[in-house]
Amino acid sequence: MPHLRRLSIAVTAGLAATAGLAAPLSPATAAPGSGSSEGTARVFMVNPVQSSNDQDLTDQKDAASAVPESAYAEVPLTHLDGSGYLRGDYAVVESSTGTPAYSTTNSYSYDRHQDQFEQVMGYFWVTRTQTYLHTLGFGETLPGVLNEPFSVKINQYGGDNSYQTDKPFRIRLGKGGVDDAEDAEVIVHEYGHAVHADQVPGYGSSLDAGAIGESFGDYLAVTVGLDAADEFGWPVAADPSCPMDWDATSYTDAPHCIRSFHLDLTLEDRRNQVHYDGQIWSQALWEIREGYQALGLTTRDWDTTLIYSQFSYAPDTSFQAAAAETYAAAAARDGQAAADLVRDRFAARGITF
Numbered sequence: 004m005p006h007l008r009r010l011s012i013a014v015t016a017g018l019a020a021t022a023g024l025a026a027p028l029s030p031a032t033a034a035p036g037s038g039s040s041e042g043t044a045r046v047f048m049v050n051p052v053q054s055s056n057d058q059d060l061t062d063q064k065d066a067a068s069a070v071p072e073s074a075y076a077e078v079p080l081t082h083l084d085g086s087g088y089l090r091g092d093y094a095v096v097e098s099s100t101g102t103p104a105y106s107t108t109n110s111y112s113y114d115r116h117q118d119q120f121e122q123v124m125g126y127f128w129v130t131r132t133q134t135y136l137h138t139l140g141f142g143e144t145l146p147g148v149l150n151e152p153f154s155v156k157i158n159q160y161g162g163d164n165s166y167q168t169d170k171p172f173r174i175r176l177g178k179g180g181v182d183d184a185e186d187a188e189v190i191v192h193e194y195g196h197a198v199h200a201d202q203v204p205g206y207g208s209s210l211d212a213g214a215i216g217e218s219f220g221d222y223l224a225v226t227v228g229l230d231a232a233d234e235f236g237w238p239v240a241a242d243p244s245c246p247m248d249w250d251a252t253s254y255t256d257a258p259h260c261i262r263s264f265h266l267d268l269t270l271e272d273r274r275n276q277v278h279y280d281g282q283i284w285s286q287a288l289w290e291i292r293e294g295y296q297a298l299g300l301t302t303r304d305w306d307t308t309l310i311y312s313q314f315s316y317a318p319d320t321s322f323q324a325a326a327a328e329t330y331a332a333a334a335a336r337d338g339q340a341a342a343d344l345v346r347d348r349f350a351a352r353g354i355t356f
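Numbers 4 to 356, taken from the working numbering, label the letters of the sequence shown in order.
If you're looking for bench data, these hints aren't it; they were derived computationally from the structure.
C-beta: ideal position from N, C-alpha, C; glycine also.
Mixed in with the good hints there might be a few duds.
To be verified - Just the calculated beta-carbon pair ranges, DEER-fashion:
no., residue 1, residue 2, range
1, 81, 266, 35 to 41 angstroms
2, 61, 36, 45 to 51 angstroms
3, 59, 319, 42 to 48 angstroms
Claimed, not checked - Here are the simulated lysine to any residue pairs, SDA-like style, with alpha carbons at most 25 angstroms apart:
no., residue 1, residue 2
4, 64, 253
5, 64, 254
6, 64, 260
7, 170, 208
8, 64, 45
9, 64, 117
10, 170, 137
11, 170, 154
12, 64, 118
13, 170, 100
14, 170, 204
15, 170, 134
16, 170, 82
17, 170, 147
18, 170, 314
19, 64, 92
20, 64, 257
21, 170, 201
22, 64, 102
23, 170, 64
24, 64, 180
25, 170, 203
26, 64, 330
27, 64, 113
28, 170, 92
29, 170, 317
30, 170, 318
31, 170, 151
32, 64, 82
33, 170, 210
34, 64, 76
Using the sequences and the hints, build the whole thing.
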């Protein structure tokens, strides 16, 4: 059974303040900025297991030598605010246990042994997710989702877990086992919870809604990572429908996987555990993605329709009600053949409407 983790909770700003968290970083007033919104950085190609399929990789207490140089790639950083810190239009590395990454040239090249590497991962992958939403039309021709600077706290949770809060919106990435910010799919999964919370305030107030939220976070993590791999020519050597495989090396047997999109679960298999039950929904999303391609549509067509449909979900939606809204969005946006595909793939999981 997959290790059940990843929390999504809402707390008030006051609660966060009393939790003993570090205050937002404030650069010295005399520090010169970069004056530029663009830069470069070194990140993992999603994660080292996905890009290599080396299932024997282990954390080794953050040792740089534990991961080969081939796992890294240089990427462009965008939407920076010019301060020299990892702050910008869509992501703000608000605090960390390490010295803040800073560059007057917006050049951020670190390895995994350095705290700043995870800060870069947090900034890059949150910004990447938001810019992906923009390429789908959100914040352009469609309503925006989290179209704002988003707070990212690195190594701010001592256990092997991460979570999202929405009062205010932020994610905290944990440092147990493989530090969570080393795996892009963990980062994007948590951002996915914030996407739901922004689209539907109070989202997740039923078990089904919670399971759909976990599933969507997993799916968004995979689709954003695959889009980046496609753009940059990165290898995808491990099964992409098995997310967070680098993070999962700390608590699963090989082949590592936190959850799966192909367990053939149906509603009859529900355990009333949001992480486990979310895999029912995940398989439908993944099979619809594949079916869209077979119909001559694109994965971006499906991602747009899926995310657009979520504006119509209720905070306590059921599997059946959410599937019906997704079907309606597919019919309106992509045609009846696509809508029929959506209905059929949900029905295969026991979700009918």
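Hints, one by one, checked against the model:
For residue 81 and residue 266, the Cβ-Cβ distance of about 37 angstroms falls inside the hinted range of 35 to 41 angstroms, so the restraint holds. Evaluation of the 45 to 51 angstroms hint for residue 61 and residue 36 yields a failure: the beta carbon distance comes to about 39 angstroms. Here the CB-CB span from residue 59 to residue 319 is close to 43 angstroms, well matched to the stated 42 to 48 angstroms. A C-alpha spacing of about 11 angstroms is found between residue 64 and residue 253, which places the hinted pair at or below 25 angstroms, so the restraint holds.
For the hint linking residue 64 to residue 254, the alpha-carbon distance of about 15 angstroms falls within 25 angstroms, and the restraint holds. Restraint check: the Cα-Cα separation between residue 64 and residue 260 comes to about 20 angstroms, which is no more than 25 angstroms; the hinted pair holds. For the hint linking residue 170 to residue 208, the alpha-carbon distance of about 16 angstroms falls within 25 angstroms, and the restraint holds. A distance of roughly 20 angstroms separates the Cα atoms of residue 64 and residue 45; the hinted pair therefore holds under the 25 angstroms criterion.
Between residue 64 and residue 117 the CA atoms are separated by roughly 12 angstroms; this keeps the pair inside 25 angstroms, and the hint holds. Pair hint residue 170 plus residue 137 holds up; C-alpha atoms about 24 angstroms apart against a cutoff of 25 angstroms. Taken as a hint, the residue 170 and residue 154 pair is honoured in the structure, with Cα atoms around 11 angstroms apart against an allowance of 25 angstroms. The straight-line distance between the Cα atoms of residue 64 and residue 118 is roughly 13 angstroms, inside the 25 angstroms bound, and the hint therefore holds.
With a C-alpha separation of about 22 angstroms, the suggested pairing of residue 170 with residue 100 holds against the 25 angstroms cut-off. For the proposed pair residue 170 and residue 204, the alpha carbon gap of about 11 angstroms is at most 25 angstroms, so the pair holds. As the CA atoms of residue 170 and residue 134 are separated by approximately 23 angstroms, the hinted pair is consistent with the 25 angstroms bound. Under the criterion of a C-alpha separation no larger than 25 angstroms, the hint pairing residue 170 with residue 82 is consistent with the structure, at around 24 angstroms.
Note on residue 170 and residue 147: the hinted pairing holds, with a Cα-Cα distance of about 18 angstroms set against a maximum of 25 angstroms. With a C-alpha separation of about 19 angstroms, the suggested pairing of residue 170 with residue 314 holds against the 25 angstroms cut-off. A threshold of 25 angstroms between alpha carbons decides the hint, and for residue 64 with residue 92 the separation of about 33 angstroms lies outside it, so the pair is violated. Restraint check for residue 64 and residue 257: satisfied, since their Cα atoms lie roughly 19 angstroms apart, inside the 25 angstroms limit.
Restraint check for residue 170 and residue 201: satisfied, since their Cα atoms lie roughly 11 angstroms apart, inside the 25 angstroms limit. Taken as a hint, the residue 64 and residue 102 pair is honoured in the structure, with Cα atoms around 19 angstroms apart against an allowance of 25 angstroms. About 33 angstroms separates the Cα atoms of residue 170 and residue 64, which puts this hinted pair outside 25 angstroms; it is violated. About 8 angstroms separates the Cα atoms of residue 64 and residue 180, which keeps this hinted pair within 25 angstroms; it holds.
Restraint check for residue 170 and residue 203: satisfied, since their Cα atoms lie roughly 14 angstroms apart, inside the 25 angstroms limit. Our distance criterion of 25 angstroms between C-alpha atoms is broken by residue 64 and residue 330, whose separation comes to about 46 angstroms. Proposed proximity of residue 64 and residue 113 is supported: the alpha carbons are some 16 angstroms apart, at most 25 angstroms. A hinted pair counts as satisfied when its Cα atoms are at most 25 angstroms apart, and residue 170 with residue 92 qualifies at roughly 19 angstroms.
Distance hint between residue 170 and residue 317 is fulfilled; the C-alpha atoms sit about 19 angstroms from each other, no more than 25 angstroms. Taking the CA atoms of residue 170 and residue 318, the gap is about 16 angstroms. The hint holds against a cut of 25 angstroms. With a C-alpha separation of about 14 angstroms, the suggested pair residue 170 and residue 151 falls inside the 25 angstroms cut-off, and the hint holds. With a C-alpha separation of about 32 angstroms, the suggested pair residue 64 and residue 82 falls outside the 25 angstroms cut-off, and the hint is violated.
The suggested pairing of residue 170 with residue 210 holds, with an alpha-carbon distance near 21 angstroms, which does not exceed 25 angstroms. Distance check on the hinted pair: residue 64 and residue 76 sit about 22 angstroms apart at the alpha-carbon level, within 25 angstroms; holds.
Taken one by one, the earlier hints fail for this structure at numbers 2, 19, 23, 26 and 32, listed in ascending order.
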